[in-house]
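J.: Sequence:
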Amino acid sequence: MQKRLIVNVLGCGLVLLLSACATQPKTIEISSKPIDKPALVLPTADTLNLREVKWIIITSENAEQVLKTLPTTGGKVAVFALTDKGYENLSLNINDLRTYVQQLQSIIVAYEGYYSAGVKAYQ
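So the sequence shown is numbered by the working numbering: it starts at 1 and just counts up by one.
The hints are simulated quantities; they were obtained by calculation from the structure and are not laboratory data.
Don't take every hint at face value.
[As the list claims (entries may be wrong)] 27 Å max Cα-Cα, derived DSS-like pairs, lysine-lysine: (1) Lys54 x Lys85; (2) Lys33 x Lys54; (3) Lys68 x Lys54.
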């Protein structure tokens with residue numbers, strides 16, 4: 001009787017094992033979806049409205065005349081002086097600022113192109 005019980009258990013185990021192998025395994029579907037880029041949010045810049053600046057060149061020849069006429073224009077007298085090298089450095093600094101702003105504008109254009117191309121690809 002024990003042998004018969006062992007044969008039955010082994011037989012059932014073998015039937016279960018064989019039937020499990022005979023079934024089709026479930027197929028796993030894998031899908032991928034690209035992740036959308038975050039929107040580029042840049043603050044808008046104000047319009048630059050520069051005020052007029054009037055330069056008066058004072059030399060040793062016209063210094064007395066200019067200092068006499070300045071109070072008659074209604075303003076207080078203040079003299080800002082630059083050496084020739086200082087003026088050259090000022091103009092070079094302004095040129096460097098202009099170049100820097102143009103580089104920043106190029107970076108912004110590159111960002112806009114990058115994000116607009118990404119939006120077109122997903123549409």
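J.: Against each hint, give a clear statement of whether it holds in the structure.
T.: Cross-check of the supplied hints:
1. Lys54 x Lys85: 20 Å, holds
2. Lys33 x Lys54: 62 Å, violated
3. Lys68 x Lys54: The given pair, whose Cα atoms are some 17 Å apart, holds under the 27 Å limit.
Of the numbered hints listed earlier, the single one contradicted by the structure is hint 2.
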